[in-house]
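So in our numbering, spot 90 of the sequence shown is number 90, and the numbers just go up one at a time.
It is possible that part of the hints are untrue.
Stated by the list, open to error - Here are the computed lysine to aspartate or glutamate pairs in the DMTMM-like style, where the Cα-Cα straight-line distance is at most 20 Å: (1) Lys371 / Asp398; (2) Lys166 / Glu123; (3) Lys371 / Asp403; (4) Lys371 / Asp395; (5) Lys371 / Glu381; (6) Lys166 / Asp184; (7) Lys166 / Glu68; (8) Lys166 / Asp232.
To be verified - Simulated DEER-style distance windows between Cβ atoms: (9) Arg578 / Arg330: 28 to 38 Å; (10) Pro530 / Pro358: 43 to 53 Å; (11) Pro41 / Ala501: 51 to 61 Å; (12) Glu270 / Ala394: 26 to 36 Å; (13) Pro530 / Ser236: 27 to 37 Å; (14) His220 / Arg115: 53 to 63 Å; (15) Asp121 / Val363: 45 to 55 Å; (16) Ala416 / Val569: 44 to 54 Å; (17) Ser236 / Pro435: 36 to 46 Å.
Rather than coming from a laboratory, the hints here were simulated on the basis of the structure.
Keep in mind that this is a model prediction, so the values were computed, not measured.
Idealized CB from N, CA, C, for every residue including glycine.
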Amino acid sequence: MSSPAGPSPAAPSPNASATLVVVGAGPRATGLLERIAANAPELSGGRRLHIHLVDPYPPGAGRVWRLEQSPLLRMNSMAEDVTMFTDESVVCDGPIRHGPSLAQWAERVRSGELRVPLEPDLEDELAGLSGSTFPTRRLQSAYLTWVFQHTADSLPPNITVEVHRKHAVRITGPRRGTQSVWLDGEPVPLTADVAVLALGHLDALPDRQERVLAAFARDHGLTYLPPEFSADSDLSGIRPGEAVLMRGFGLAFVDLMVLLTEGRGGTYTEGPRGTLRYHPCGQEPVLYVGSRRGVPYHSKIGYPLTGERPPLPRFFGPDAVDALLARPGRLDFQRDIWPLIAKEIGYGYYHRLFTAHPERTTVNWPQFEEKYAAVDHGSAELQALVAASIPDRADRLDLEALDRPLEGLRFGGPEALQDYVRSYIGLDIARRADPRHSADLGAFLALLSAYGNLPRLIASGAIAPRSRLRDIDGWWHGFFSYLASGPPGPRLEQMLALSRAGIVNFVGADMRITTDHERGVFRAGSAGLPGEVEATALIESRLPAATVSRTRDRLLRRLHEDGAGGEEVLRDGERNIRTGLLTVSAEDARVLDGQGRAHPRRFALGAHTNARSFAAFARPGTNAPAFRQNDSTARALLRLLGEIAEQASESLSGTLSEPQSGSLSESRPGSMSGSLSGRMSESASEGLARPVSESGSESVSERLVEPACAPTAAAPDDRKEATWA
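Turn these sequences into a full structure, and let the hints steer you where they fit.
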């Protein structure tokens with residue numbers, strides 16, 4: 001993901017300046033800004049650069065992590081596992097700039113080293129926060145806000161930032177020249193030499209199945225909620241005591257469960273033996289939840305790593321990716337890639353077991369490691385090696401059993417299923433909180449390592465389209481989330497208490513939803529349970545899928561409709577398969593149009609692209625893909641903006657020469673050669689708002705200035721727009 005080192009920039013002209021517009025000001029945009037600040041001393045050459053950040057939500061936190069959300073909602077990561085800053089693990093061309101994790105930031109605020117104004121509830125939370133605490137999203141919002149302010153304050157004097165609390169609704173402009181970014185309600189646009197789309201997670205218009213279900217609900221007076229972000233869901237239509245089907249058993253369900261129970265006034269108390277008990281308030285609905293697996297995501301591990309860290313990657317790292325890419329023909333994930341990932345996960349797991357708990361093995365780690373390296377995943381030889389070396393079956397890793405815990409099980413009735421799933425969840429909570437099972441932490445670290453090495457294979461196009469969609473976008477992403485991205489243990493304790501109270505009910509694996517037109521209800525059943533349950537409400541408890549054709553974001557949807565933002569298309573023989581993702585170049589995240597051409601002046605980062613780096617922040621020491629991509633894109637931006645600024649300065653002096661062949665205006669994906677001419681906004685260096693200092697004495701939102709718009713721009717075409725929610 002790192003960009004070429006490239007030559008050092010030439011000495012800047014006295015009047016050289018450029019303008020960058022970043023649409024989005026959440027964590028991903030903040031991460032890009034941090035990398036711009038880090039690389040500017042090397043690549044900006046002291047040229048003036050003005051950056052516009054456009055987002056209706058607060059800078060740093062953005063929409064998902066904004067302060068204005070329920071204080072009941074928590075992160076699913078411990079405070080010590082959240083950082084926005086690079087460290088020595090990150091492989092990039094730019095400089096490493098250390099910064100505090102969420103836990104370290106909290107300690108500095110407590111000690112008075114950092115002065116950050118916090119609301120009273122966050123001050124109370126901060127006082128009791130430790131590295132192993134799962135913080136509220138509101139506290140994460142405060143951390144992200146500080147990171148933004150700290151990053152903006154660290155920019156060199158030649159770089160200034162201006163925040164616009166508006167929706168960006170369209171981007172126009174020629175490939176060879178200035179881009180215009182239109183803001184909602186503004187008659188003239190922001191002008192930009194280069195634009196970046198860091199849009200974050202986006203809502204989607206309903207697909208065909210969702211439209212059918214919504215119409216059925218309207219026709220029969222029922223409630224249907226499509227996939228959406230939990231904090232934004234309107235749950236007011238869910239009535240007390242109403243039977244509600246919940247399709248999806250991941251983090252979205254956990255959030256909705258909290259909002260529909262404790263969020264309505266219910267409380268918990270702890271019994272004499274530590275068992276949690278829920279006390280209803282009378283406003284709760286009755287929830288029936290199911291999914292493909294029929295069980296919730298595994299609890300997040302609740303203890304830190306001690307002792308030796310598994311030396312990862314071992315079997316699925318850059319060398320393994322190179323070897324796979326050198327193979328002739330298309331790759332199949334299950335046949336060619338998964339065996340290496342599975343072996344990597346096993347390596348992390350067994351390294352931890354043998355080094356941290358040697359009393360539970362019959363041989364030492366070097367002996368086991370040598371033999372483990374010589375056998376294939378899933379082979380009889382591996383099974384024999386594990387059986388001979390690890391006496392207790394509970395200490396042996398079985399990924400297939402982990403993936404489908406209810407596979408093949410049949411239950412005589414609902415109560416038998418409830419008892420079984422409650423027992424399963426209870427055992428999971430206990431294991432994930434017990435350092436005696438820290439081999440699970442080794443597997444978790446190996447999962448993260450594999451996750452970080454997979455994007456290069458995906459971006460290469462070497463994986464067969466059907467395998468990419470079925471195995472990676474489908475199974476692998478779900479498996480990773482199920483094992484590595486579950487809720488904190490206390491959330492599952494609450495789920496058990498709600499189950500015992502009859503408010504949460506488990507439907508089982510392979511949940512199916514049907515509509516009963518005769519009775520006017522939704523119905524749900526599962527593979528392992530006879531009969532069905534009726535309900536008058538159905539909630540899709542999952543996030544919206546990325547889709548450029550159905551996105552509710554007007555800018556991205558128009559970009560796609562105009563052919564300027566290409567949807568990723570996988571070609572499987574004569575069949576074209578659309579993934580819904582915006583296509584960008586793997587090298588530096590330039591937006592590709594419908595014909596596959598990289599736009600010289602438009603870039604895009606985030607979950608809506610096919611670059612596959614979802615998380616904007618990361619666990620320290622994991623060489624996070626987003627950090628690597630932010631760095632390569634920042635370096636590409638700074639070089640490009642430098643060339644544009646120099647040519648604009650020469651143009652003002654009347655000495656601009658014709659662009660050479662192979663200029664950036666006609667660049668192929670990832671090309672960094674040549675030059676671009678461009679017109680600089682006249683206001684780019686005037687009236688700029690400097691970012692606030694890390695003292696937090698003044699919030700960024702209090703320092704907003706009006707957009708510096710070009711005075712003669714024409715409005716975009718006035719074709720009729722859809723109505724957006």
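Status of each hint after checking the structure:
Simply put, Lys371 and Asp398 have alpha-carbon atoms about 18 Å apart, close enough for the 20 Å limit, and the pair holds. As the CA atoms of Lys166 and Glu123 are separated by approximately 30 Å, the hinted pair breaks the 20 Å bound. Of the supplied pair hints, the one linking Lys371 and Asp403 is violated, its CA atoms being roughly 26 Å apart against a limit of 20 Å. A distance of roughly 18 Å separates the Cα atoms of Lys371 and Asp395; the hinted pair therefore holds under the 20 Å criterion.
Distance restraint check for Lys371 and Glu381: the Cα-Cα separation of roughly 9 Å lies within the 20 Å cut-off, and the hinted pair is therefore satisfied. Between Lys166 and Asp184, the direct Cα distance comes to roughly 6 Å. Compliance with the 20 Å bound is thereby established for this hinted pair. The straight-line distance between the Cα atoms of Lys166 and Glu68 is roughly 17 Å, inside the 20 Å bound, and the hint therefore holds. Taking the CA atoms of Lys166 and Asp232, the gap is about 18 Å. The hint holds against a cut of 20 Å.
Separation of Arg578 from Arg330 is about 19 Å and departs from the stated range, judged on CB atoms against 28 to 38 Å. Our hint of 43 to 53 Å for Pro530 and Pro358 holds, since their Cβ atoms are close to 48 Å apart. Evaluation of the 51 to 61 Å hint for Pro41 and Ala501 yields a pass: the beta carbon distance comes to about 59 Å. The beta-carbon spacing between Glu270 and Ala394, approximately 28 Å, falls within the hinted interval of 26 to 36 Å.
Between Pro530 and Ser236 the beta carbon distance is about 35 Å. The supplied range of 27 to 37 Å therefore holds. A hinted range of 53 to 63 Å for the beta carbons of His220 and Arg115 is consistent with their spacing of about 57 Å. In this structure, Asp121 and Val363 meet the distance hint of 45 to 55 Å, their C-beta atoms being roughly 53 Å apart. Look at Ala416 against Val569: about 47 Å separates their beta carbons, and that is inside 44 to 54 Å.
Restraint check, Ser236 to Pro435: a C-beta distance of roughly 43 Å satisfies the suggested window 36 to 46 Å.
In this structure, the hints that do not hold are numbers 2, 3, 9, in rising order.
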